[in-house]
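So the sequence lines, in the order shown, correspond to chains A, B, C, D, E, F and G.
For what it's worth, my numbering labels the leading residue of the first sequence as 144, then goes sequentially.
For what it's worth, my numbering labels the leading residue of the second sequence as 144, then goes sequentially.
For what it's worth, my numbering labels the leading residue of the third sequence as 144, then goes sequentially.
For what it's worth, my numbering labels the leading residue of the fourth sequence as 144, then goes sequentially.
For what it's worth, my numbering labels the leading residue of the fifth sequence as 144, then goes sequentially.
For what it's worth, my numbering labels the leading residue of the sixth sequence as 144, then goes sequentially.
For what it's worth, my numbering labels the leading residue of the seventh sequence as 144, then goes sequentially.
No lab work stands behind these hints, which were simulated from the structure alone.
From the three backbone atoms N, C-alpha and C, an ideal C-beta is built for every residue, glycine too.
There may be inaccurate statements among the hints.
[What the hints assert, rightly or not] Listed below are the simulated DSSO-like cross-link pairs for lysine-lysine, each with C-alpha atoms no more than 27 Å apart in a straight line: (1) F/Lys156 with F/Lys193; (2) E/Lys193 with E/Lys147; (3) F/Lys150 with E/Lys213; (4) E/Lys218 with D/Lys218; (5) G/Lys156 with F/Lys218; (6) A/Lys218 with B/Lys218.
[Said to hold, decoys possible] Not close to chain B: a few residues of chain A, all C-beta gaps over 10 Å, as computed: (7) Ile146; (8) Pro148; (9) Leu149; (10) Gln183; (11) Ala189; (12) Glu199; (13) Asp207; (14) Ala215; (15) Glu232.
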Amino acid sequence: MSIKPLKDRVVVKYVEEEKEETTKGGIVLPDTAKKDEKPQQAEVVAVGNKIAPEGEEAEVAVGDTVVFDKYAGTKVELDSEEYIILSMEDVLAVIE
Amino acid sequence: MSIKPLKDRVVVKYVEEEKEETTKGGIVLPDTAKKDEKPQQAEVVAVGNKIAPEGEEAEVAVGDTVVFDKYAGTKVELDSEEYIILSMEDVLAVIE
Amino acid sequence: MSIKPLKDRVVVKYVEEEKEETTKGGIVLPDTAKKDEKPQQAEVVAVGNKIAPEGEEAEVAVGDTVVFDKYAGTKVELDSEEYIILSMEDVLAVIE
Amino acid sequence: MSIKPLKDRVVVKYVEEEKEETTKGGIVLPDTAKKDEKPQQAEVVAVGNKIAPEGEEAEVAVGDTVVFDKYAGTKVELDSEEYIILSMEDVLAVIE
Amino acid sequence: MSIKPLKDRVVVKYVEEEKEETTKGGIVLPDTAKKDEKPQQAEVVAVGNKIAPEGEEAEVAVGDTVVFDKYAGTKVELDSEEYIILSMEDVLAVIE
Amino acid sequence: MSIKPLKDRVVVKYVEEEKEETTKGGIVLPDTAKKDEKPQQAEVVAVGNKIAPEGEEAEVAVGDTVVFDKYAGTKVELDSEEYIILSMEDVLAVIE
Amino acid sequence: MSIKPLKDRVVVKYVEEEKEETTKGGIVLPDTAKKDEKPQQAEVVAVGNKIAPEGEEAEVAVGDTVVFDKYAGTKVELDSEEYIILSMEDVLAVIE
Numbered sequence: 144m145s146i147k148p149l150k151d152r153v154v155v156k157y158v159e160e161e162k163e164e165t166t167k168g169g170i171v172l173p174d175t176a177k178k179d180e181k182p183q184q185a186e187v188v189a190v191g192n193k194i195a196p197e198g199e200e201a202e203v204a205v206g207d208t209v210v211f212d213k214y215a216g217t218k219v220e221l222d223s224e225e226y227i228i229l230s231m232e233d234v235l236a237v238i239e
Numbered sequence: 144m145s146i147k148p149l150k151d152r153v154v155v156k157y158v159e160e161e162k163e164e165t166t167k168g169g170i171v172l173p174d175t176a177k178k179d180e181k182p183q184q185a186e187v188v189a190v191g192n193k194i195a196p197e198g199e200e201a202e203v204a205v206g207d208t209v210v211f212d213k214y215a216g217t218k219v220e221l222d223s224e225e226y227i228i229l230s231m232e233d234v235l236a237v238i239e
Numbered sequence: 144m145s146i147k148p149l150k151d152r153v154v155v156k157y158v159e160e161e162k163e164e165t166t167k168g169g170i171v172l173p174d175t176a177k178k179d180e181k182p183q184q185a186e187v188v189a190v191g192n193k194i195a196p197e198g199e200e201a202e203v204a205v206g207d208t209v210v211f212d213k214y215a216g217t218k219v220e221l222d223s224e225e226y227i228i229l230s231m232e233d234v235l236a237v238i239e
Numbered sequence: 144m145s146i147k148p149l150k151d152r153v154v155v156k157y158v159e160e161e162k163e164e165t166t167k168g169g170i171v172l173p174d175t176a177k178k179d180e181k182p183q184q185a186e187v188v189a190v191g192n193k194i195a196p197e198g199e200e201a202e203v204a205v206g207d208t209v210v211f212d213k214y215a216g217t218k219v220e221l222d223s224e225e226y227i228i229l230s231m232e233d234v235l236a237v238i239e
Numbered sequence: 144m145s146i147k148p149l150k151d152r153v154v155v156k157y158v159e160e161e162k163e164e165t166t167k168g169g170i171v172l173p174d175t176a177k178k179d180e181k182p183q184q185a186e187v188v189a190v191g192n193k194i195a196p197e198g199e200e201a202e203v204a205v206g207d208t209v210v211f212d213k214y215a216g217t218k219v220e221l222d223s224e225e226y227i228i229l230s231m232e233d234v235l236a237v238i239e
Numbered sequence: 144m145s146i147k148p149l150k151d152r153v154v155v156k157y158v159e160e161e162k163e164e165t166t167k168g169g170i171v172l173p174d175t176a177k178k179d180e181k182p183q184q185a186e187v188v189a190v191g192n193k194i195a196p197e198g199e200e201a202e203v204a205v206g207d208t209v210v211f212d213k214y215a216g217t218k219v220e221l222d223s224e225e226y227i228i229l230s231m232e233d234v235l236a237v238i239e
Numbered sequence: 144m145s146i147k148p149l150k151d152r153v154v155v156k157y158v159e160e161e162k163e164e165t166t167k168g169g170i171v172l173p174d175t176a177k178k179d180e181k182p183q184q185a186e187v188v189a190v191g192n193k194i195a196p197e198g199e200e201a202e203v204a205v206g207d208t209v210v211f212d213k214y215a216g217t218k219v220e221l222d223s224e225e226y227i228i229l230s231m232e233d234v235l236a237v238i239e
C-alpha cells in the first residue's frame with residue numbers, strides 16, 4: 144500500500160533522529176514542554192507528476208531532505224506511519 | 144437515485160472499517176470522545192466531467208481510495224447514506 | 144410575475160416533502176429544534192443565460208433537483224413563495 | 144439634478160408599497176421591530192455605460208425591478224430621496 | 144502648492160454647504176452628535192493621468208461633483224485644507 | 144552607505160519641519176499626546192528600477208514630496224536615520 | 144551540509160554586530176527588554192534559480208546585505224545556525 148500525491152504535491156516523512164529525550168538531570172520531557180519544536184525538515188517519499196512547470200526539471204526528488212513552512216501541509220496516517228502531504232509551493236528549500 | 148457531481152467535483156463515501164468500538168475495559172466510547180478522528184480517506188463513487196484539464200488523463204477514478212483535506216467538501220445525505228462532495232483541488236492523493 | 148436570474152445564476156425552490164412534523168409521542172417540534180436540518184436540495188425553477196461556458200452544454204436545467212452549499216445563495220420572497228438565487232459555482236451536483 | 148452611475152453600476156430606488164403599517168390591534172410598529180425586513184427589490188432609475196460586456200446586450204434597463212444582495216451597494220441621498228448604487232455583479236435577478 | 148494624484152486617482156474636496164449648525168432650540172450640536180453624517184459627495188479638484196482605460200474618455204473631470212463610498216480614500220491636509228484622495232474604482236457616480 | 148530599493152519600491156524620508164514643540168503654556172507635549180499626527184508626506188530619496196510600467200515615464204523622482212497611505216510601507220533605520228520603503232502603489236500623489 | 148532555496152527564494156543570515164549588550168549602568172538587558180528590536184537586515188547566503196524574471200539580471204546576490212519585511216520569511220535552524228528563507232517579494236532593498 145502506497146500513497147501517490149496528485150499534481151504539484153509531494154509526500155514527506157519525518158526522519159527518526161537520535162535525540163536525547165531526557166534532560167541533563169535525567170527528567171523525561173513531556174510532550175507539552177516541547178511543542179514548539181515541530182520539525183520543519185523531512186524526507187520526500189513520493190512526488191506528484193506536476194511538481195515542475197512543463198518543460199522544466201523538478202527541483203525536488205524522492206530521497207531529498209526538504210525544509211517546509213511549519214503550518215503548511217496535511218498530515219495523513221497510513222499503515223501506522225505519519226506522512227505530510229505538501230504542495231510544492233510550501234517546500235522552501237532542499238538540504239544538500 | 145444517484146448523484147452526479149458538476150465540473151471538477153467528485154463524490155466520495157467513507158468505507159465501513161471494522162473497528163473496535165469499545166475500549167479494552169469494554170467501555171463503549173461516546174462520539175464526543177472520538178471527534179478528532181474524522182477520517183480523511185474515502186472511496187470515490189462519482190466524478191464530474193471536468194476533473195482533469197482538457198486533453199489530460201484524470202488522476203482519479205470511481206473506486207479509488209483518496210486522501211483529502213479534512214475541512215474540505217460538503218456533506219450531503221441521500222437515501223440515508225452520507226456522501227462528501229469535494230472539488231478535485233481538495234483531493235490530495237490516491238492510496239494504491 | 145416571474146423571476147429571471149442574471150448571468151450564471153439559477154433560481155431554486157424547496158420541494159414540499161411529506162415529513163412527519165410531530166415526534167412519535169405526538170409532540171410538535173418547534174422550529175428551534177430543527178434548525179440544523181436546513182435542506183441542501185431544491186428544484187431549479189429558472190436559469191440565467193450564462194450558466195455554461197460558451198459553446199458548452201449546461202449541466203443543469205429547469206426541473207432538475209440540485210445539491211448546493213448550504214451557506215450559499217440569496218433568499219428572496221416573491222408572491223409569498225421563497226426562492227434561493229444561486230451562482231452556478233455553488234451548485235455542487237444534480238440528483239438523478 | 145440627477146445621478147449618473149459610472150461603469151458597471153446601476154442606481155436603484157425602493158418603490159413605495161402600500162403596506163399596513165399598524166398591527167391588527169392598531170399599534171404602530173416602531174422601526175426597530177421591522178429592521179430585518181430590509182427590502183431586496185427596487186426599481187432601476189439609472190445605468191452606467193458598461194453594465195454589459197462589450198458587444199452584448201444589457202440584461203437590465205431603467206424601469207426594471209431588480210433583486211439584489213441585501214448587503215450590497217452604497218446608499219446615497221439626493222434631493223431628500225434615498226438611492227442605492229449597486230455594481231451589476233450584485234444584481235441577482237429581474238422580476239418580470 | 145498643489146496636489147497631483149498618481150495613476151487612476153482623483154483628489155476631491157468637500158464643498159462648504161450652508162447648513163443650520165444649531166438645532167431649532169438654538170443648541171449647537173457637538174461633533175459627536177453628528178458623526179454618522181459623513182458626506183459622500185465632494186468636488187473633484189485634480190485627476191491622475193490614468194483615470195480612464197486607454198483610448199476611452201474619462202467619466203469624471205475637475206469640477207464634477209462625485210459620490211463615493213464613505214469608507215474609501217485617504218484624507219490628506221495641505222495648506223490647512225482637507226482633501227480626499229480616491230481611486231477611480233471608489234467613485235460611484237457623478238451628480239449632474 | 145546607501146539604500147537601493149528593489150523593483151517598484153521607493154525610499155522616502157520625513158523632512159524636518161519647524162514645529163512648535165511646546166504648547167502655548169510652555170508645556171512640552173509627550174509623544175503619546177501626538178500619536179495620531181503621523182505625517183503622510185515625505186521626500187523621495189531613492190527609487191527602484193521598475194517604478195513605472197515599461198515604456199512609460201515615472202511619475203515620481205528623487206527629491207519629490209509624496210503623499211502616501213499612513214499604514215503603508217516598512218520603516219527601516221540606517222545610520223541613525225529613519226526611512227520608509229514604499230511600494231509605488233502606496234504612493235498616492237505628488238505635492239508640487 | 145548546505146541549504147538550497149527553491150524558485151524565487153533567498154536564504155539570509157543575521158550578521159553578528161558588536162553591540163553594547165549592557166546599559167550605561169552596567170545592567171545586562173534581558174531578551175524580553177529588547178524584543179522589538181528584531182533586525183530587518185541580513186546577509187544573503189544562498190539564492191534560488193528564479194530570483195529574477197526570465198531574461199533579467201537579478202537585483203540581489205550572495206553576499207549582499209538586504210532589508211526585508213520583519214514579519215516575512217520562515218526561520219530554519221541548520222547545524223546550530225539560524226537562517227531565514229525569504230521570497231524575493233519580501234526583500235525590499237539592498238544596502239550598498
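Interface-negative label, A/Ala189 against chain B, beta-carbon threshold 10 Å: Incorrect as stated: the minimum Cβ-Cβ distance to chain B is 8 Å, not above 10 Å.
Assertion that A/Leu149 lies outside the chain B interface [Cβ separation over 10 Å]: violated, 5 Å
Given as non-interface: A/Glu232, partner chain B, CB spacing beyond 10 Å: Holds, because the least Cβ-Cβ distance between A/Glu232 and chain B comes to about 13 Å, which exceeds 10 Å.
Non-interface label on A/Asp207, tested against every C-beta of chain B at 10 Å: holds, 18 Å
Least C-beta distance between A/Pro148 and chain B, which was stated to exceed 10 Å: violated, 5 Å
Cβ separation check - A/Ile146 to all of chain B, threshold 10 Å: A/Ile146 is in fact no farther than 10 Å from some Cβ atom of chain B, at 5 Å.
Hint consistency between E/Lys193 and E/Lys147 [alpha-carbon to alpha-carbon, up to 27 Å]: holds, 12 Å
Status of the stated non-contact between A/Ala215 and chain B (beta carbon gap over 10 Å): holds, 12 Å
Distance restraint between A/Lys218 and B/Lys218, which requires alpha-carbon spacing of 27 Å or less: Holds, at roughly 21 Å.
F/Lys156 paired with F/Lys193 [C-alpha distance capped at 27 Å]: holds, 20 Å
Check on A/Glu199 being off the interface with chain B, judged by Cβ distance over 10 Å: holds, 18 Å
Satisfaction of hint between F/Lys218 and G/Lys156, Cα-Cα up to 27 Å: Satisfied, since the Cα-Cα distance of roughly 20 Å is no more than 27 Å.
Comparing the model with each earlier hint shows violations of hints 3, 7, 8, 9 and 11; every other hint is respected.
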